[in-house]
Every structure is written in C-alpha cells, then in structure tokens.
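Novice: Throw the hints in and build the complete structure from the sequences for me.
Chains as they are written, first to last, in this note's numbering: chain A, 1 to 215; chain B, 1 to 556.
One should not assume that every hint holds.
With the C-beta cut set under 8 angstroms, the calculated list includes, among others, these residues of chain A facing chain B [as the list claims (entries may be wrong)]:
#1 Val94
#2 Glu148
#3 Val149
#4 Arg152
#5 Ala155
Each pair of labels, with its calculated beta carbon distance range [to be verified]:
#6 A/Arg47 / B/Trp41: 51 to 61 angstroms
#7 B/Ala347 / A/Val85: 16 to 26 angstroms
#8 B/Ser311 / A/Val191: 56 to 66 angstroms
Bear in mind the hints are in silico, worked out from the structure with no lab data behind them.
Glycine is no exception: its CB is placed at the ideal position from the N, C-alpha and C atoms.
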Amino acid sequence: MSPRSGYNGSPLLADVFAPGSVPFERQATRELWYGVAADLASLDDARDPSRGVHGRVDARRVSGLGASDPDFDEWRFEARAYLPVFAKRRVIAVRAVYAGVEPRGATTTSLPFYRLTQSKGTMRFAGYYSERFRDRQLLLGRIEYRWEVLYRLSAVALYELGEVAPRAGAFSLRHAHQSRGGGLRLGLSDVSVVRLEFAASREGLRSVLSLDGDF
Amino acid sequence: MSTDIGRPGWRALGTAYALLLLWPAFARAGAGATQPADSTWAAHDREPIAQPPAGEPGYWAQRFHQGFTEPVVHVFDIPDKLLWVARTMGASTRREAVNVNAFDEAPNSAWFTNRNHVRAVPVAELRGGPDSAFAPRKPWTIKHAKLGGWSAGFQIKDADGKKWMVKLDSRGYAQLSSGADMVARTLLHAAGYNVPHNEPVRFQRDDVSIDPDLLRGADGEWFTAADLDSTLARGAVFADGDYSATASLFIAGHVLGAPSMYRPRPGDSNDQYAPFNRRELRGLFPLCAWINNWDTEDHQFLDTFVETRDSLGHVVHYILDAGSSFGAAASGPKQPRAGYENLFDLAWTARRIATLGFAEEPWRRARQASGIPSVGNYESDVYRPEDFRPLVPHPAFREMTDRDGYWGAKIVASFSDAQIAAAVESARYADPRARDYLVRNLIVRRDKIARHWFARVAPLDFFFVRDDTLRYRDLAVDVGLERSRGYDVEFEWEGAGSSGAERVQLSDAEWPLRGLGRRATHVSLRISVTGLEAAAAHVELARTGDRWVVTRVRHG
Numbered sequence: 001m002s003p004r005s006g007y008n009g010s011p012l013l014a015d016v017f018a019p020g021s022v023p024f025e026r027q028a029t030r031e032l033w034y035g036v037a038a039d040l041a042s043l044d045d046a047r048d049p050s051r052g053v054h055g056r057v058d059a060r061r062v063s064g065l066g067a068s069d070p071d072f073d074e075w076r077f078e079a080r081a082y083l084p085v086f087a088k089r090r091v092i093a094v095r096a097v098y099a100g101v102e103p104r105g106a107t108t109t110s111l112p113f114y115r116l117t118q119s120k121g122t123m124r125f126a127g128y129y130s131e132r133f134r135d136r137q138l139l140l141g142r143i144e145y146r147w148e149v150l151y152r153l154s155a156v157a158l159y160e161l162g163e164v165a166p167r168a169g170a171f172s173l174r175h176a177h178q179s180r181g182g183g184l185r186l187g188l189s190d191v192s193v194v195r196l197e198f199a200a201s202r203e204g205l206r207s208v209l210s211l212d213g214d215f
Numbered sequence: 001m002s003t004d005i006g007r008p009g010w011r012a013l014g015t016a017y018a019l020l021l022l023w024p025a026f027a028r029a030g031a032g033a034t035q036p037a038d039s040t041w042a043a044h045d046r047e048p049i050a051q052p053p054a055g056e057p058g059y060w061a062q063r064f065h066q067g068f069t070e071p072v073v074h075v076f077d078i079p080d081k082l083l084w085v086a087r088t089m090g091a092s093t094r095r096e097a098v099n100v101n102a103f104d105e106a107p108n109s110a111w112f113t114n115r116n117h118v119r120a121v122p123v124a125e126l127r128g129g130p131d132s133a134f135a136p137r138k139p140w141t142i143k144h145a146k147l148g149g150w151s152a153g154f155q156i157k158d159a160d161g162k163k164w165m166v167k168l169d170s171r172g173y174a175q176l177s178s179g180a181d182m183v184a185r186t187l188l189h190a191a192g193y194n195v196p197h198n199e200p201v202r203f204q205r206d207d208v209s210i211d212p213d214l215l216r217g218a219d220g221e222w223f224t225a226a227d228l229d230s231t232l233a234r235g236a237v238f239a240d241g242d243y244s245a246t247a248s249l250f251i252a253g254h255v256l257g258a259p260s261m262y263r264p265r266p267g268d269s270n271d272q273y274a275p276f277n278r279r280e281l282r283g284l285f286p287l288c289a290w291i292n293n294w295d296t297e298d299h300q301f302l303d304t305f306v307e308t309r310d311s312l313g314h315v316v317h318y319i320l321d322a323g324s325s326f327g328a329a330a331s332g333p334k335q336p337r338a339g340y341e342n343l344f345d346l347a348w349t350a351r352r353i354a355t356l357g358f359a360e361e362p363w364r365r366a367r368q369a370s371g372i373p374s375v376g377n378y379e380s381d382v383y384r385p386e387d388f389r390p391l392v393p394h395p396a397f398r399e400m401t402d403r404d405g406y407w408g409a410k411i412v413a414s415f416s417d418a419q420i421a422a423a424v425e426s427a428r429y430a431d432p433r434a435r436d437y438l439v440r441n442l443i444v445r446r447d448k449i450a451r452h453w454f455a456r457v458a459p460l461d462f463f464f465v466r467d468d469t470l471r472y473r474d475l476a477v478d479v480g481l482e483r484s485r486g487y488d489v490e491f492e493w494e495g496a497g498s499s500g501a502e503r504v505q506l507s508d509a510e511w512p513l514r515g516l517g518r519r520a521t522h523v524s525l526r527i528s529v530t531g532l533e534a535a536a537a538h539v540e541l542a543r544t545g546d547r548w549v550v551t552r553v554r555h556g
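Specialist: Written as structure tokens, this is what we have:
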C-alpha cells in the first residue's frame, strides 16, 4: 500500500480498488438537478426545543447532461422529536434520517461513487471518520439526552446507530455501526447550532466540532 | 493511649500550619509597606500629585480573565487547597482588608466617604444624591453619538452649556434602567461611594437638535437626523409619547479610565493599596447583593483626575453605572439567573453536569417577574444574601472576609424604611406600583442581609466611653431584628505590674469600668452575644489619666 493516505488517514482509492473497477473513477459528470424540500415543525422553542416534532423532506431529480452522465433520484427524510424530562432544560431528543440515491431510467445502472449517500456532514456517524461509509442508502438513528449547563449551552449524552446499504432490504440492525458519546451543544440561533462531540465506536474515539447543523 | 488535643489545640495546629504556608507571603509583605496611622478616619489620599497617565484594563481581556481564567485556575490552586485544610482546623487564613483603621472602619478616602452608617443622612439630603437634584435644561444639542455599551443614546450639551450623556431605556421598558440607576446611585451615594450625577429624564423629539458641525461631519464624525431617528427608535416611550432615558452629567476632571482591581493606578502615589484589598470594595458585596447590581466589572468604575492647583491634583474613584440594578439589565429586564450566577459559573456548571441537569438552582424557584415593566425581574422571597453573584466574579468580592461582609451589611442595615422610600421616590416612577414593589423588596432584602451577616459576626459596634462606662450599640437590636439581649464579656486587664482576667455577663449594652480599679491601664475585651455563635467583637481600651478611651475595635 502506498505510504500516502487520503483524507483523515484513510487509504487512497487507487490503493483499494483495481483500476476500472470503480464506476466513474477519473470521470467527472455533469448534472442538472431540481427538487422540492419541506420543513415542518411544531416546537416550543426553535433554537433549543424541548417539546415537539420536526420533519424535513428533501427530494431531488438529477438528470445527467451528457450521454454517459447518470440519471438518478436523491432523497432525504428526517424526523426529530423532543420530550422534556420534567423541565424544559432537560430534554430527550430523537433523530432519524433515511437518505438515498436510486438510478433512474434504462441507461443508468451504476452511480458514481461520489454521488452515493455518504456518512458526512449532518449524516456523519458520530464515532467514525467523516465519509467513512457510503452506499445507495443510509439510515441513521440517534437518541440523546441534553441538559442545560450554561445559558444556551447544553451537555449531551448520545447513542447512535448508523448503517449504509445498497437497498432498503439489506439494512441489518446486527451490522449497524454504534456510537456512544457526549459533548456540548450551543444554540446560536433558530437555524444554527454549534456542537462539540466526542464519540466512541469500534474504530476508536472521534471528536468533531460542527457548525453546520441545527439539531 | 490516645490524646484529645481539643478544639483550641486543633486551632493552634491549624494556625501553625497556615503560618508555615503563608510565611513567604508575610516575608514579602513586610518589605517597604507603608501603613497609615491606624486610628485615622482620613486616608490622606488627596495629596497634590501630577496627573497620572490615563489607561484601563482591556474590556474583553479583563472579562475573560476574571470570568473564566481565574475561576478555572483557582480549581487547580494547590496552595489554596492546603489553606482550606488549615481553615477546617479553625485557622484564619484569609487576608483581611488592608485599609481599615483601629476601629475596623474604612477611613474616608478618594474611594469612599463614611456617611449613613456613622450619621444617618437626612431624607431630603439623601434624595439629592451627590448634588442637589437637577436635570439637563432643554433644548438639548447633540454633540456626539454614544459609542459602546448596550443602550442607545447620545452626548448632549444642555441649555446651560452642561455636558450630559443621555442613555435611552430599552424599547418597551420605560424607566427600567433609568429608574434603577437613579435609585441605586442614590443608595450608593448615601452609603458612601462616589457616583456620577444621573437623572431620569423625559423628552420629546423636538427637544433635541443636532449640532451643525456634527451634521456636516466637520470633525470626521457624522450624526444625521436619520441617525437620531434610528437611535430614538430603539428607546422606550411613555404613554404620552415622551422618551424615557437617563441623563448622566459628565464627571468633573480628566477622565483616566477604569481602574484595575488588581493594582493601584500607576502614577497615583496617593493610592497605596490594590483595590481588591480595600474594605470599601470588599464590603460593597452586601450592597450589590441588596440592590442586585450584578454588573460590577472594572469598567463600571471610573477614575478621574481633579486638578486643585498648579496642574497638581488627585484621583477620585467613581462607581460609574448602576443601571443594571434591581430587575434591570442593559437590554431589558434581567434574565432570571442574573444575580444568582456568574456569566460562567464554574460551581453551578459543574453541579449541573454532575447531576445531569437535576440540580435545582435558587433562581428557578424565585418568582422574579414583577409584572411591572419599569421594575423587571427582582424578588426577595427566595433571595439569600450569600448567594448573590455578579455578572463576572469581582476580585474584591472573592477576597471578602466575614469582617468585610459585616461592614457592608451594617451599611445596608443603616438605611431606614423612610430612607429607602425616599431613594425609590427619587426615580419618580410613573407607575405607582413600581415604587411600592421596590420599597417592599428592598426592606425585605435589607433585613435578610442584616440577619445573615449579624449571625456571622456579632453586630456590636460604635464603642465609646461615657461616664466611666463602656457603651456600645447592638445593631440587630437597633434595627429591630432582635429584642434586647445579654452579652458575655471576657476581659483581660493589666497595669502597674499586675494583670488579671475575668468574665462577666451583661444585660445591657454597657459595662461600668469603675470596677477595674485604679491599677488597670489597659483592658482588652471579647464581647459576644449570649447564646449566639457569631464571632465576638474585640475591643481594647486604655486609660489616660482618669479617662478611659477606646483604642481598638475588631469585629470577628
């Protein structure tokens, strides 16, 4: 294996797969996408919710612009629920995400690896490196207990299960990737949350400072 | 065989242990320190000096240092933990305030003047504050925009040519800050502190014009009619459309900036002590707890240089802004936790983390919402004097000892109901509920403060000799917290080659000295309240000819 390594120390693509075995390796694609998104919430406090539910849907249709560019559908469903533990400052928060991509039409049978659903950003598995897992579908479930420790700042204890699979029927709870950890959550605004998390998994302890979420 | 060394033995052991730990500090302190004559009532810190250079601590650096670094570092302060061990054995390891006189009082100084607790300030005088009450005469001319701080406002010159800073109350809360500031500064001034001349004012848009130079930007600073409109839009209005604000008269002298609480101002040879070691700043804690003045950062103080002759003068120290007192904060009503927790409160944060958020803070139980827009969140039912916490930990408050706290509490206790009512009336609240609410809560808080500190330190004070009898005041009895009670006196006398020690019990606050006979020339007494655990008062007397005089008092 090459002494060089990729992002976060992961091996390079070329070191893992034989040339030509990865669809769209060394091939960029051009696509046009359009879609719909909806965000529905019934919360007592948008910045630091303690009671209510929140649903989010994002569906896109992606059309390749070139003859070899893929056509596919992409979706993401997210549901959140909040329940106070006798007081607004102590909350059990639950989050579930189901995201995926699916080739469309007769011409597209495989998708570029870089268009697969990945465990990154707000779908990163807490105890694993960003982009550690990718496939056509991703399921992520998290339950966390939050309790306020300072004004707007909460401590968090979390448990998470995440998995990727080529199709819905291939998900297996037994093979899901567990993360356990904790951290801090600072609500800056209704749409901006800073989180510092430490989570342990089979692959070790990971920490991340995220600024891009709102959970 | 076991030996019971007893409580005094443990105390002696603890003291020896503490002395061992403190020895390097004593060795340093002994070199070059100048002590004032200890029976003085004047600090003589207004000797003519050249103007010291202006300067002040960096705002954010100071806030971060005092608010975060110091509390965290303190957790890992090993010597302090060793001293804590000594304290548990009864040793006194806290350093007392350095500027107290022989009577355990703070002498008059450029920081503080003994007022209400030594001579009740007449109600009419108290209402007047630092000057006789007067407000900026209209029309006003805006000379500068207000820079910095939360509140909107501007600098004006009034019709008499006086310069004022006008700070608007937050929109929706007429008289919230201006009323709080007025009441607080009136009480602080009567207590003995230097405060600026502030007045709550009402004005209309037509009362204000903008200086033509400012409109033109002649000096590089612009302030247009649109700026004025946007400033006023952030301000509170009364029902009749008048704007509500505080007008603060510019303090006389050359502004030097906020003092550091850690060291005397460089160049001010009159100022011998680090402010955090001054009695009047340590003893400010009970006062701030009383009026809920939670914003006591360095920048709420101000030093000015007052010229007296030939470019020489002295520095005067002010408490600058008390507008965040009672239920008010700069941007509206106080948050419920304000006054109960520091901005970053390490102790409460740790408790919340450890208990998974099930720790119940006092402020959650307190029903603070007064329902009165000009009062905000202020209460006295759940309030506990010792639980008060300023926005950022104050170095002087951290160093406060029971003696300092008692001193501050006796100032608080010195305010009568009538004086409190007068102070509140000075704010001229438009809502009559505000006056009644504040007076009622201030009285309850005052009594709680007195009870708390008078239970820690015996409130026996103002010792004097008349008709060959040592007399004193029991402040708890004086303010009506206790009925007349008895006192235990342990005394030692010496003189003419002989000495003795005795105990007596008194049923009144007086002790005839005739019984000491002619041989005694010095007496030291330890007076405690019968049945009370509070630290006793220590008094020393000396005889000069036929007269006994009190030479030293120490509370606790």
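Novice: Decide, hint by hint, whether the structure agrees.
Specialist: Hint by hint, here is what the structure shows:
no.: 1; hint: Val94; in the structure: violated (18 angstroms)
no.: 2; hint: Glu148; in the structure: holds (6 angstroms)
no.: 3; hint: Val149; in the structure: holds (5 angstroms)
no.: 4; hint: Arg152; in the structure: violated (11 angstroms)
no.: 5; hint: Ala155; in the structure: holds (6 angstroms)
no.: 6; hint: A/Arg47 / B/Trp41: 51 to 61 angstroms; in the structure: holds (55 angstroms)
no.: 7; hint: B/Ala347 / A/Val85: 16 to 26 angstroms; in the structure: holds (23 angstroms)
no.: 8; hint: B/Ser311 / A/Val191: 56 to 66 angstroms; in the structure: holds (59 angstroms)
Of the numbered hints given earlier, the model fails hints 1, 4; all others are met.
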